[in-house]
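Peer 1: For reference, the chains in residue letters:
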Amino acid sequence: MSMKIPKSLRISPAWAPYVLLSPFVTLFFIFGLFPLGFSLYLAFHSWEPASGLASMSFVGLRNFEFALRDPWFWKSMGNTTWLALAAGVPQHLIAIPLAVFIQAGFKRFRNIVVGVYFMPYITSTVAIAILFSSLFSTDYGLINQALHGLSHIPVLRFLVPVGPIDWLGRPQYVKPAIAVIVFWRYVGFNVVLYLAALQTIPKDLYEAATMDGASSLQQFWNITLPSIRPMMYFAVTLSVIGGLQLFDEAFILTGGHGGPDQAGLTTALYLYREAFDFDDFGGASAMSWVLFAFVALLTWLTNIAFRPRNRSA
Amino acid sequence: MAAYPSVDAIARAAIPAWKRIHPDLNIEVISRQITDHHTAMMTALATESYLPDVMAIEVSYLGRFSRGGGLENLAQPPFSIEAFKPEFVPYAFDQATTKTDSVVAAPSDVGPGTLLYRHDILQEAGSTIEDLQNSWENFVAVGIKIKRASGAYLVANASDVVNILIRTGVRSNQGLYFDENDQPLITTSRFVEGFTLAAQIRKASLDAQVRTWSTDWAQGIRNGKIATLMSGAWLVGHMSNWLAPQTRGLWRAAQLPQKTWAAYGGSFLALPKNITASKKRYAWDFVKLLSLNATRQLAAFKSEDAFPVLVNTYHAPFFDEPIPFLGGQRARRLWREAALNIRAVQVHSQDAFAAEVVNTALFKVLHEGKSIKASLAQAQRLLERRVGR
Numbered sequence: 439m440s441m442k443i444p445k446s447l448r449i450s451p452a453w454a455p456y457v458l459l460s461p462f463v464t465l466f467f468i469f470g471l472f473p474l475g476f477s478l479y480l481a482f483h484s485w486e487p488a489s490g491l492a493s494m495s496f497v498g499l500r501n502f503e504f505a506l507r508d509p510w511f512w513k514s515m516g517n518t519t520w521l522a523l524a525a526g527v528p529q530h531l532i533a534i535p536l537a538v539f540i541q542a543g544f545k546r547f548r549n550i551v552v553g554v555y556f557m558p559y560i561t562s563t564v565a566i567a568i569l570f571s572s573l574f575s576t577d578y579g580l581i582n583q584a585l586h587g588l589s590h591i592p593v594l595r596f597l598v599p600v601g602p603i604d605w606l607g608r609p610q611y612v613k614p615a616i617a618v619i620v621f622w623r624y625v626g627f628n629v630v631l632y633l634a635a636l637q638t639i640p641k642d643l644y645e646a647a648t649m650d651g652a653s654s655l656q657q658f659w660n661i662t663l664p665s666i667r668p669m670m671y672f673a674v675t676l677s678v679i680g681g682l683q684l685f686d687e688a689f690i691l692t693g694g695h696g697g698p699d700q701a702g703l704t705t706a707l708y709l710y711r712e713a714f715d716f717d718d719f720g721g722a723s724a725m726s727w728v729l730f731a732f733v734a735l736l737t738w739l740t741n742i743a744f745r746p747r748n749r750s751a
Numbered sequence: 212m213a214a215y216p217s218v219d220a221i222a223r224a225a226i227p228a229w230k231r232i233h234p235d236l237n238i239e240v241i242s243r244q245i246t247d248h249h250t251a252m253m254t255a256l257a258t259e260s261y262l263p264d265v266m267a268i269e270v271s272y273l274g275r276f277s278r279g280g281g282l283e284n285l286a287q288p289p290f291s292i293e294a295f296k297p298e299f300v301p302y303a304f305d306q307a308t309t310k311t312d313s314v315v316a317a318p319s320d321v322g323p324g325t326l327l328y329r330h331d332i333l334q335e336a337g338s339t340i341e342d343l344q345n346s347w348e349n350f351v352a353v354g355i356k357i358k359r360a361s362g363a364y365l366v367a368n369a370s371d372v373v374n375i376l377i378r379t380g381v382r383s384n385q386g387l388y389f390d391e392n393d394q395p396l397i398t399t400s401r402f403v404e405g406f407t408l409a410a411q412i413r414k415a416s417l418d419a420q421v422r423t424w425s426t427d428w429a430q431g432i433r434n435g436k437i438a439t440l441m442s443g444a445w446l447v448g449h450m451s452n453w454l455a456p457q458t459r460g461l462w463r464a465a466q467l468p469q470k471t472w473a474a475y476g477g478s479f480l481a482l483p484k485n486i487t488a489s490k491k492r493y494a495w496d497f498v499k500l501l502s503l504n505a506t507r508q509l510a511a512f513k514s515e516d517a518f519p520v521l522v523n524t525y526h527a528p529f530f531d532e533p534i535p536f537l538g539g540q541r542a543r544r545l546w547r548e549a550a551l552n553i554r555a556v557q558v559h560s561q562d563a564f565a566a567e568v569v570n571t572a573l574f575k576v577l578h579e580g581k582s583i584k585a586s587l588a589q590a591q592r593l594l595e596r597r598v599g600r
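For the protein sequence lines, the chains are X and D, in the order given. The first sequence begins at 439 in the numbering used here and counts up one residue at a time. The second sequence begins at 212 in the numbering used here and counts up one residue at a time.
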């Protein structure tokens, strides 16, 4: 038995697409387009937030001028680039062979293994903050305890530092500490992406190569890597965008301040502080648009590096 | 009312008393973690929406909140808070008064600074509290003795002494970091002296080099690796309740070295301008209940270690009671003296940024061996760029 919808409630075929699209479009306008437009508007204004919206005044390009001459902004850009490279490159260098290993080495338990690697990606940032703050503790952290343990091994004695490392209190250690968390969080996500790509490679390619006498390494270089190139493009683009917008890990590990000598101050964290700690919403908005231009530029360069080559030649 | 931890509990505890005055009016207390609370309040003021009727403001945020015109001037009728001025501890009232004599908030609690020290460690070093207090030079000399006798560090971080010394000798109408004309004061003698002392402490390895509230800081307090702490009186409550209850009886309180009077924290209650007049009237009644009612002020002191702002509570018997955590010392008398001696410093909208810049300058001196003069000059330039933004 089927219920008939009254005629008055029926949507005409001409309107149906708009009605069905409207929830997304409405949400996109409120949470996507409006903040974008408002941030662009703010970038050209000076605003005393505690005085309300009416206190905005047009300042032209002054916020951009301030952003581009701000030493801390450039310091944050340097930190961000360092972290994007130090955390991003190893993610892919490890995730690709790891995905190949999981694909070949695990049959029954593959999903469990992938799940284990994926777990950090879905773990709450609060839990991560507690975990890593404790791990990186100078006198009582597990990492320093482990290093101390290694120092008893004669061969390693010369490689391991003598005293405990103040991971979060020294500029030279803060960035590596953040990079380790970023790597730990996202390597599993990339493994999942590369595993999906590996499953699309026809098996007969490997069978034919084996029959032609190609070694496993030759198969990896000549079949696997070229076949997953489109996924590499996708994954690297995500890493570039995510790396340049890095916020959570730097925020939680440095208590939201950016660490000693601003060593862990990423650009996303700095513009958040600029707005919400230092009340300069105009300057922060201008910085966010400069960051956007930088992200767009690097994404374009990634596109050039990974776009399909013309094989006809 | 919107508040952050401790102030929220104080407000909730006042609701039964409120109900006796206004039985038909309910009070809802919205609580957030301190940073989130101030971000939410700034957003509410910026957008003029979801404004609470009463807004709690921590002293370090007061400069930013007072700069805009979003808060009611309590000096004007019908509030006329000036009439109650003699009832408040002087520095707290002055702290909420702007350059144009507007009063943007009513004080609700203060944090008189105190020196907490390990009595047993000091004895082991053969020193007395007077040695520690007389002068900053003696403070360092005792630190060396302590290190030799027990291995304990004099302070948690060399920056702790800078935070006090930069508060010493602030001229009236001046802020901590900026003068009355918004010019940065980073190269003045206050900062040079603070940095010099911090460098001495670091050079003699007398600080544990740990950050306040970090795991290592807490552990250092528990296991006797940190001999002194300079903080607000409220820290004793934290230490006794969860931070280091096992050290009960080992700590004592004293005034800060060289008779320095400094405040650590403090809460204020403000009324947003953009709420209805009738709500504002009741909101003011609630503020008066929290800030000007002696019973409520003492109750907050007893339950939340919120030191009273009302001078007429300062002779309550509670101030003379011994504090078991401090070995039975009657330390509240000391804190009362400190509260009455502290002088207000002008708050500035760029204080948060300036504090960050000064910390960085100190870091360069202590860790990278940069000269104090060069480091302070660089900080001064950075702040000059900021002024007027």
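Keep in mind that the hints were calculated from the coordinates and are not lab data. Be aware that one or more of the hints could be misleading.
[As the list claims (entries may be wrong)] Not the full set, but computed from the structure, chain D residues with beta-carbon under 8 Å of chain X: (1) Ala251; (2) Ala257; (3) Glu259; (4) Tyr261; (5) Ser271; (6) Arg275; (7) Thr571; (8) Lys575.
[What the hints assert, rightly or not] Output of the computed footprint for chain X on chain D, the stretches with three or more beta carbons under 8 Å from beta carbons of chain X: (9) 215 to 226; (10) 280 to 294; (11) 426 to 437; (12) 440 to 446.
For every residue, glycine included, the Cβ atom is placed at its ideal position computed from N, Cα and C.
Peer 1: State for each hint whether it applies.
Peer 2: Against the structure, the hints:
no., hint, in the structure
1, Ala251, "10 Å, violated"
2, Ala257, "4 Å, holds"
3, Glu259, "5 Å, holds"
4, Tyr261, "13 Å, violated"
5, Ser271, "11 Å, violated"
6, Arg275, "5 Å, holds"
7, Thr571, "6 Å, holds"
8, Lys575, "7 Å, holds"
9, 215 to 226, "violated (count 0)"
10, 280 to 294, "holds (count 3)"
11, 426 to 437, "holds (count 3)"
12, 440 to 446, "violated (count 0)"
Consistency with the previously given hints fails for numbers 1, 4, 5, 9, 12, ordered from lowest to highest.
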